Amino acid sequence: MRELLRRLSLVPFIAFEISLASLFINILSLASPIFVIQVLNRYVGYGFDGTLITLTCGVLIAGFLNHGFTLVRGRMASAVNVGPDRALAEAVLTCLARAKMNTLGRIPPARIHELMNGFQVVQSGYDASVICSVLDMPFFLMFVGAVFFLSPAIAIITIFIVLCSYVSGLLSMRRGKVLMEDMRNESIAHRGHLSNAISGADTVRAFGGIGLLSTVLDSQVEKIQNIKRNMVQSGTRAQAVLQTLSMLLRVFVYAVGAREVVAGSLSMGGLIGVSILSGKALSVSASFIKSRNMIDQAAEMMVSLREFMNQPLESSTGTVLNNYSGSIELKDLGFAYPGSTGPLFERLSVDIKAGDIVVITGHNGSGKTTLVRLLLGLIDPGRGQILAGGVDLRQLAAPWWRSQVMYLPQEPRFLNATIKENICMNCPDIDDERIGRIVDAAGLKRYLNTSVQGLEAQVVNGGQELAVGIRRRLALARALAVHGAVCVLDEPTEGFDPEGLRIMDMVIKSLVNAKKTLIIVTQDVRLAERSDVLIDLSSKPLPTILYPSKERQSQGRSTAAGGEKNDQ
Numbered sequence: 001m002r003e004l005l006r007r008l009s010l011v012p013f014i015a016f017e018i019s020l021a022s023l024f025i026n027i028l029s030l031a032s033p034i035f036v037i038q039v040l041n042r043y044v045g046y047g048f049d050g051t052l053i054t055l056t057c058g059v060l061i062a063g064f065l066n067h068g069f070t071l072v073r074g075r076m077a078s079a080v081n082v083g084p085d086r087a088l089a090e091a092v093l094t095c096l097a098r099a100k101m102n103t104l105g106r107i108p109p110a111r112i113h114e115l116m117n118g119f120q121v122v123q124s125g126y127d128a129s130v131i132c133s134v135l136d137m138p139f140f141l142m143f144v145g146a147v148f149f150l151s152p153a154i155a156i157i158t159i160f161i162v163l164c165s166y167v168s169g170l171l172s173m174r175r176g177k178v179l180m181e182d183m184r185n186e187s188i189a190h191r192g193h194l195s196n197a198i199s200g201a202d203t204v205r206a207f208g209g210i211g212l213l214s215t216v217l218d219s220q221v222e223k224i225q226n227i228k229r230n231m232v233q234s235g236t237r238a239q240a241v242l243q244t245l246s247m248l249l250r251v252f253v254y255a256v257g258a259r260e261v262v263a264g265s266l267s268m269g270g271l272i273g274v275s276i277l278s279g280k281a282l283s284v285s286a287s288f289i290k291s292r293n294m295i296d297q298a299a300e301m302m303v304s305l306r307e308f309m310n311q312p313l314e315s316s317t318g319t320v321l322n323n324y325s326g327s328i329e330l331k332d333l334g335f336a337y338p339g340s341t342g343p344l345f346e347r348l349s350v351d352i353k354a355g356d357i358v359v360i361t362g363h364n365g366s367g368k369t370t371l372v373r374l375l376l377g378l379i380d381p382g383r384g385q386i387l388a389g390g391v392d393l394r395q396l397a398a399p400w401w402r403s404q405v406m407y408l409p410q411e412p413r414f415l416n417a418t419i420k421e422n423i424c425m426n427c428p429d430i431d432d433e434r435i436g437r438i439v440d441a442a443g444l445k446r447y448l449n450t451s452v453q454g455l456e457a458q459v460v461n462g463g464q465e466l467a468v469g470i471r472r473r474l475a476l477a478r479a480l481a482v483h484g485a486v487c488v489l490d491e492p493t494e495g496f497d498p499e500g501l502r503i504m505d506m507v508i509k510s511l512v513n514a515k516k517t518l519i520i521v522t523q524d525v526r527l528a529e530r531s532d533v534l535i536d537l538s539s540k541p542l543p544t545i546l547y548p549s550k551e552r553q554s555q556g557r558s559t560a561a562g563g564e565k566n567d568q
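Position 283 (the sequence shown) corresponds to 283 in the UniProt record's numbering; numbering is contiguous.
Keep in mind that the hints were calculated from the coordinates and are not lab data.
Just so you know, these numbers come straight off a predicted model, no measurement behind them.
We put the beta carbon where it would ideally sit given N, CA and C, even for glycine.
Just to be clear, a hint being listed does not mean it is correct.
Quick list of the computed label-pair ranges, beta carbon to beta carbon [said to hold, decoys possible]:
1. Glu-222 / Asp-505: 52 to 58 angstroms
2. Arg-184 / Asp-351: 31 to 37 angstroms
3. Arg-174 / Glu-411: 44 to 50 angstroms
4. Asp-392 / Val-452: 46 to 52 angstroms
5. Arg-502 / Lys-353: 26 to 32 angstroms
6. Ser-325 / Asn-185: 47 to 53 angstroms
Okay, derived cross-link-like pairs now, EDC-like style, lysine to aspartate or glutamate, Cα gap no bigger than 20 angstroms in a straight line [said to hold, decoys possible]:
7. Lys-177 / Asp-296
8. Lys-228 / Glu-186
9. Lys-509 / Asp-497
10. Lys-177 / Asp-332
11. Lys-228 / Glu-260
12. Lys-509 / Asp-524
13. Lys-353 / Asp-532
14. Lys-353 / Asp-536
15. Lys-100 / Glu-433
Modelling step: build the complete structure from the supplied sequences, incorporating the hints.
Listed below in structure tokens is the structure:
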């Protein structure tokens, strides 16, 4: 309820207009019972047609006004949520795009999907119908007061029935909350397994995974069906209780009212009017209970979304270095994943000069890709620093630093956009001529020539439907589009055919000639021998650091000195 009041407070004038419209709507809704009372008491008693015509015209005018105010109030209530919903969507998207991976990576993907869908729960919980229902609730007192004016006994009965419906609604909401939580947890697990089955369709078929998958999914489907069955039963029970209470209200109203009519304390028209007013009071309270349930669900989702949005974000502002040449220094660097028995590496200190070739090697799981992510600033180190141009990465503006790094990931993923948009993602102002050169350099031209749409072809499913070699070429083109001083290549030869290997070799040579700082994750002995710095993460916990270029120079000097002695 607090969030609803906050949204209304953001547009005080519109909130005032909605409240005023609610006042008119509820006052005008009294026209119907008043019409019934007056027709039965005056026209039926005296038979004067002028009275009937006047009353009929009056109630028709009130009905049309009520209809108009209802439409206008609905439009104004919808306007209340435009700003808050847009702000919430932008905040969630910002967190999704800029949250630090140290924390975001710990959240299961299925949970993130649920939170993204939760935005619709929030929208439904504060939509126009809910706002109108909440603002109608205070006028419950007006309807009960009107009943009390005609018959205090029936007013007490109405209040009692409404209280019973409210208690029943609260119990149903409490039961529904438990069931919704169970459904949420099972749905997250179910979506995770379905996503796994979809992405691993070949694995399911090639290795006979249907048996294992069926066992897991059948168990989950059974649990979900049981929860749904309980939810349906709970909803049906609540609806049955409301219908029963409504029936009891009519019975008691007419039973008590009939005695009062016989006693002369209530007219026949008054009895019918009281029945309409008491039914309206129950309807208003039932609508409020339903809206309250939706508000509570939205409030719970808002709590979850706020927890999600409270994650630390990458800095969009910070230091921007002029004339950055590509130097990087690792100072006493260490990293360990939460829950691991020990660090991936620690006390890693390396001074990388601009234009150096750095090769990172190590066995599977030794932390090569983790070190790459640290260098990109995607995750923060557990200890130590990474300095670029003498400045800690955490002090640099993250967008600027990413614009300085040409990055080829080991397993590239793309956005569901055109090929051109994916290539130009980090540099949208790039011209078509340079895009053409990049496409040629990455070896994508032949593939694009076979496509009708070329660069405008749509990438779907994150690029997973593309052949591995094409994905790698597209990722290489995306990296080359960045005009940075540092190039990070994670297993650059993986997934390439001989032509792709030749293209990658040419790209590396051109980057070396351009004096770019090259950081390459590879097991390629040739690249390791050509490197200036070799970081071997197989050694735990302290990595082994070698300097092949210095060793080559030292061997060269030794060879030259030996030659001079032989000449002498």
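Of all the hints given earlier, name the ones this structure violates by number, lowest first. Checked against the structure, the hints that fail are numbers 2, 10, 11, 15, while the rest are satisfied.
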